[in-house]
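J.: With the sequences and hints as input, model every part of the structure.
Top line first, the protein sequences correspond to chains E and X.
Counting from 1, one number per residue, gives the positions in the first sequence under our numbering.
Counting from 1, one number per residue, gives the positions in the second sequence under our numbering.
Rather than coming from a laboratory, the hints here were simulated on the basis of the structure.
Quick caveat: nothing in here was measured; it's all calculated off a predicted structure.
Please note that the accuracy of each hint is not assured.
[Claimed, not checked] Simulated crosslink set (DSSO-like; lysine-lysine; CA at most 30 Å straight-line): (1) X/Lys283 with E/Lys87; (2) X/Lys89 with E/Lys40; (3) X/Lys89 with E/Lys17.
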Amino acid sequence: MSKKIRAVLTLQIEAGKANPAPPIGPALGQHGVNIMEFCKEYNARTQDQAGQVVPAQLTIYEDRSFSFVLRTPPAADLIRKAAGIGKGSSNARMDKVGRISLVDLKKIAEAKMPDLNANNVEEAMRIVEGTCRSMGVEVR
Amino acid sequence: MSTLWYEITASTPPGQVEAVSEIMRNASPGGLSVEEPMDLIGMDEGFHVREGEPVLIRAYLPVSELGAVLTDDLRTRLQDFPGVELTAKPLFEQDWSVSWREFFGVVDTGGRLVIVPSWIEHEPRPDQLVIRLDPGQAFGTGHHESTRLCMASMETLVEPGMTVLDVGTGSGVLAIAAVLLGSGPVTGIDIDPIAVDVAVENTEVNGVADRITLRPGVLEPGHGARYGMVVSNINRDANAALAPAFAEVTEPGGVLILSGFLAEHAATVTAAMTAYGFRLREKRHERDWCMLAFIRKAE
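T.: Here it is as structure tokens:
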């Protein structure tokens, strides 16, 4: 069927836990998207990734039907895993809470390339490094 | 008094989206909504991101003591990002699980066919044909001009027992309409397997599953069967490219209904079809959208 696009947006939500509360309710409700249908489908498609944030990029069509694709987890989640830490620093400038290697940084940048606004791996690495800094994670 | 939320929007330079999202996610455990600046390419199923422009990241915090603490913490932590602009607006709690339904009512195509969502009680007129259909993951809710235009034309052109092929069936709405209008067996195909699942469900809800065969795929040369009517609500370029295939699958004297393009592109589509032995029979439009019905000339 013809697909005339009305809007595109990404929801960063936890796998298997989509529900009509914010952000999903207000973000999709304003476009008249069938929220329960989205939640049901998102939860079914992400049930094996529990505990991870799995972004969903939704395309909403002019007749308010929709489709969505799943994106890679946020860089911060991948950094936390590589550094073996539970959460980032609450004062990133003063307190360093962990460290990852340059090899880890490159791996994360490569994994995130499809979803980052970067022209090459080096640029992606700089973006991921910025996320490390803001979390109090050093790169060595 | 409804609970209030604060919708906090951070207008963020593209290179800082990952870092700022991480900070905002800590304050907004339910998650975030991220909107990139993009140009929608209306006709051709696409969009492109406007590079270099700020991305809008939205977090939702309850208006409470905890919310105030989280908001302050957010402001402090985002001080390291001078390019980020924060704005906040209040948002009343509502039952978001059903509030989206306000956008949907009964779709009256102007003829006998009406589309009614499951949550609406509808007492049809004696001559009305009711399609029960909820909006979801497939195009074809009836809330787009191109769908309604096809339905209006089908009302006059479907003949009893006529076989029908619905190309790009989406929600299956046109396939269901064909059966209700008295057609013979209907085949629906769609490139998107999720749409096919949705269409199967809709044919079951409407009690016509035994009359409609649905499968994922595209219309290709060598399709094999011929139909009394072919309906294709896709877009201008896809329809034009399918002209030889339409000629192959439409019986001589059969009907071809095309939509999904603007009235200004009617001439392009008409030229593509007449080159393959179709004669224009009918043209309709609603707002900017257009529907063309052709008759396949005898061989």
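J.: Against which earlier hints does the structure fall short, listed by number upward?
T.: 1
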